[in-house]
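J.: Sequence:
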Amino acid sequence: MAGGIGFVAPDKAKTCKDKEAALRIVVQNQIAPISLSRSRYTEDMLKLAVRLGVKQYIILGAGFDTFAFRNKELLDHIDVFELDHPATQELKLKRIKMAGWEVPKNLHFIPIDFSKGNFIEQMKKSTFDKNKLSFYSWLGVTYYLTKDEIVDTLKDIANVSPKGSSVVFDYADRNIFDIEKTTRRVQNMIHAAIQCGEPMKSCYSYRELVLDLEKAGFQLYEHLTPLEIGQNYFKGRDDDYTAFENINFALAVKE
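In terms of the UniProt record's numbering, the sequence shown has 251 at position 251, counting the first letter as 1, and numbering is strictly consecutive.
Certain hints may be false.
Unchecked claim - As a list, the in silico EDC-like pairs of lysine to aspartate or glutamate whose alpha-carbon atoms are at most 16 Å apart: (1) K163 / D129; (2) K147 / E214; (3) K155 / E121; (4) K116 / E149; (5) K92 / E121; (6) K215 / D152; (7) K201 / D178; (8) K215 / D156; (9) K163 / E102; (10) K55 / E43; (11) K130 / D156; (12) K215 / D148; (13) K55 / D129; (14) K72 / E102; (15) K132 / E255; (16) K155 / D212; (17) K215 / D178; (18) K116 / D152; (19) K47 / D76.
Stated by the list, open to error - Simulated restraints, written as ranges between beta carbons of each label pair: (20) L211 / K55: 28 to 36 Å; (21) P162 / A21: 45 to 53 Å; (22) L91 / R207: 38 to 46 Å; (23) G63 / K105: 19 to 27 Å; (24) H223 / F177: 14 to 22 Å; (25) C196 / N159: 26 to 34 Å; (26) L91 / D44: 23 to 31 Å; (27) G140 / K17: 28 to 36 Å; (28) P104 / C196: 27 to 35 Å; (29) N159 / T15: 50 to 58 Å; (30) K94 / K125: 20 to 28 Å; (31) I179 / K94: 38 to 46 Å.
Derived by calculation from the structure, the hints in this document are not laboratory data.
Idealized CB from N, CA, C, for every residue including glycine.
Make the full structure from the sequences, and use the hints.
T.: Shown next, in the form of structure tokens:
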């Protein structure tokens, strides 16, 4: 991964000969800023939602998320449902066993191949209760969907969630595909997605986002721009961590 410094920060590649320093630059500049800040924002909003009565936390595309293991005190109040590909969940469970961690009784794994099936149908087969106030985490996904697919997913969520349930997601703004209005690392992200066979497809203006949320029965409750993300989560740092340009966070509530 340290070898990626030439791709991420070519201006520093010639002078940075230390692999550890190179790795730090790659991670802090390109790899970690979005995932760390969006996860922190999501968990901040979830903790507030729990105080307001949320009983279920659904993580769409959970991957190796460790929320349930880091916040055991919250599991006295909520059930956590992790949805992801069966192979990913199998590997995660093996890693959990290797680490000697105990799976909390309120943590539920729902295997689902999002490309082949409706995740709502799988949720209905679990202990998920559509009548309980719920909070959804939908991170790192909207970029790779069409706008119709985004609206359809939000409608699916709305159909199995009571009024007041909420969803947090990140999305690309309308300038992300304009090379004159982005940065090198944003272009790196777009290029990497293409190379992986999953090109980024959608971007939104603020107004477009509001309208599509309304189509699905949601109201935009809070919206963070890169500037606001930087102020909230990266202020005062003296390293390469900064908020990612053109990436925004949104919290929407079912009407």
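J.: Work down the list of hints and note, for each, if the structure agrees.
T.: So, going through the hints one by one against the coordinates:
1. K163 / D129: holds, 14 Å
2. K147 / E214: holds, 13 Å
3. K155 / E121: holds, 14 Å
4. K116 / E149: holds, 14 Å
5. K92 / E121: violated, 23 Å
6. K215 / D152: It holds: about 9 Å lies between the C-alpha atoms, which stays within 16 Å.
7. K201 / D178: holds, 13 Å
8. K215 / D156: Measuring from Cα to Cα gives roughly 12 Å; hence the hint holds.
9. K163 / E102: violated, 34 Å
10. K55 / E43: OK: K55 and E43 at ~14 Å, within 16 Å.
11. K130 / D156: holds, 12 Å
12. K215 / D148: holds, 10 Å
13. K55 / D129: holds, 9 Å
14. K72 / E102: holds, 11 Å
15. K132 / E255: holds, 15 Å
16. K155 / D212: The hint holds at about 10 Å.
17. K215 / D178: Outside the cut-off at roughly 27 Å; violated.
18. K116 / D152: The hint holds at about 15 Å.
19. K47 / D76: Measuring from Cα to Cα gives roughly 13 Å; hence the hint holds.
20. L211 / K55: 28 to 36 Å: Hint holds: Cβ distance 30 Å, inside 28 to 36 Å.
21. P162 / A21: 45 to 53 Å: Since the Cβ atoms of P162 and A21 sit about 51 Å apart, the hinted range of 45 to 53 Å holds.
22. L91 / R207: 38 to 46 Å: The hinted range 38 to 46 Å holds for L91 and R207, with Cβ atoms some 41 Å apart.
23. G63 / K105: 19 to 27 Å: Roughly 22 Å apart at Cβ, these two residues keep to the hinted range, so it holds.
24. H223 / F177: 14 to 22 Å: This hint holds: roughly 20 Å between Cβ atoms.
25. C196 / N159: 26 to 34 Å: Once the Cβ atoms are compared, 31 Å apart, the range 26 to 34 Å for N159 and C196 holds.
26. L91 / D44: 23 to 31 Å: Holds - the Cβ-Cβ distance for L91 and D44, about 28 Å, lies within 23 to 31 Å.
27. G140 / K17: 28 to 36 Å: About 33 Å separates the Cβ atoms of G140 and K17, which means 28 to 36 Å holds.
28. P104 / C196: 27 to 35 Å: For P104 and C196 the Cβ distance comes to about 33 Å; the hint holds.
29. N159 / T15: 50 to 58 Å: Hint holds: Cβ distance 55 Å, inside 50 to 58 Å.
30. K94 / K125: 20 to 28 Å: holds, 23 Å
31. I179 / K94: 38 to 46 Å: holds, 42 Å
In this structure, the hints that do not hold are numbers 5, 9, 17, in rising order.
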